[in-house]
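Chain order of the listed sequences is A and B. What the first sequence shows, in the numbering used here, is residues 1 to 172, in sequence order. What the second sequence shows, in the numbering used here, is residues 1 to 198, in sequence order.
Hints were generated in silico from the structure; no laboratory data involved. Every residue, glycine too, gets a C-beta built ideally from N, C-alpha and C. Watch out, some of these pointers could steer you wrong.
Unchecked claim - Listed next, the in silico DSS-like pairs over lysine-lysine satisfying Cα-Cα at most 25 angstroms (straight line): (1) K37(B) / K91(A); (2) K37(B) / K189(B); (3) K91(A) / K53(A); (4) K115(A) / K37(B).
Said to hold, decoys possible - Chain B side only, calculated, beta carbon under 10 angstroms to chain A, not exhaustive: (5) R85; (6) A106; (7) E118.
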Amino acid sequence: MRRGKKHESGRSGLARGIAAVVVACCFGFAWAAEEPPKAQPVGDPAIEARALKLGHELRCLVCQNQSIAESNAELAHDLMNQVREQLAAGKSEEEVRAYLVARYGDFVLYQPPLKASTVALWAGPFVLALAGVLALWRVLRRRSREEMPALSAEEAARAQTLLRGEGKEERS
Amino acid sequence: MKLKYLIPFLIFVTLVALFAYAFRLDPREVPSPLVGKPASAFALPRVDAPGTLAGPADLRGQPWLLNVWATWCVACREEHAMLVRLAREEGVPIVGLNYKEIRGDAELDASRLSPQEEREAALLRARTWLAQHGDPYRFSVLDLDGRVAIDYGVYGVPETFLIDAEGVIRYKHVGPIDERAWREVLQPKWAALVGGKR
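Bound conformation, chain A alone (with noise of 0.2 angstroms):
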């Protein structure tokens, strides 16, 4: 899944490109089991499992809504492969983590740090659900404190009657 080969999109076939990704990434499942994986683990069960738990919290950068971990492209057995090595040689979560960030950017990370070109990403679902909520109260408020309007004596009447079960109510 690269811009080359499959997606002969470039930018300028953008759709194209855009659909066929989307398409990749669906269904990339579904071929990959016949290839034989690439991304090889290695011996050391307990770095395979961290490994796997960063992979999870990492962007592939091709198929953009998958983790490393999970995505079948290339780049994102290199990457994976990249982090295995990483921690097996001793380096921490945060260092492989910075050397990705480095190279790709915040987008890699699934959890982006709290910056100022961020917080419209991290305030923003706080700040359309305090909006819902006093959208919410305005309109009960309003609601509540429309009157009802007060009835004449004729109609009291006739709602005693009708609420004691007595007489019927005439149609006329």
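Assemble the complex: chain A is given as a structure, and chain B must be docked to it using the hints.
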């Protein structure tokens, strides 16, 4: 009270405007954090002379382009004529980083090749391709496993980096360079770098 009925309409218009804007953006274009940072050093075998290692150090003192390419990349073929023109007519120094020539080709199974065989096959493919389509590169180097490309934050081919005389990455272009991308985006930046040197 008439105003009240305008609200849903205004929300609708806002949404349409937002979508109209957002659908023009390319979500696959990831901004590179490497712009403004020194281009990372590497020494890789040259395609024309694999015994010789080459890297960014060889281009010090002049602005240049680092172009990531591969023979299996169709978009690279699209932009190739443009690169040849830039090199020949405008004298732009371009260095090629040949990205995973064998392993990146989905139609090949590189796992059965020995490192030596892989290198030979990659050299043959790259050289044949350059002989066929023209060679715009000062030199091209082999990045068989794509490790150097990872250092440059490459996530697809082609990608092109604009690097200044001090070896600092000034711009990253994702996707093929066509006439328009060069004229509107890259050429002004290039002219600024070349002009700044004098």
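Q. K91(A) and K53(A): Cα distance at most 25 angstroms?
A. Holds - the C-alpha atoms of K53(A) and K91(A) are around 15 angstroms apart, at most 25 angstroms.
Q. Is the straight-line distance between the alpha-carbon of K37(B) and that of K91(A) 25 angstroms or less?
A. With Cα atoms ~23 angstroms apart, K37(B) and K91(A) stay inside 25 angstroms; holds.
Q | Interface restraint verdict for E118(B) against chain A (beta-carbon cut-off 10 angstroms) | A | violated (14 angstroms)
Q: Return the status of the interface hint for R85(B): holds when the least beta-carbon distance to chain A is below 10 angstroms, violated otherwise.
A: Hint violated; R85(B) Cβ to chain A Cβ min 17 angstroms, cut 10 angstroms.
Q. For the hint on A106(B), does the least C-beta distance to chain A fall short of 10 angstroms?
A. Where the cut-off is 10 angstroms and the nearest Cβ of chain A is about 6 angstroms from A106(B), the hint holds.
Q) Between K115(A) and K37(B), is the straight-line Cα distance small enough, at 25 angstroms or below? A) holds (20 angstroms)
Q | 25 angstroms limit on alpha-carbon distance, applied to hinted pair K37(B) and K189(B) | A | holds (16 angstroms)
Comparing the model with each earlier hint shows violations of hints 5, 7; every other hint is respected.
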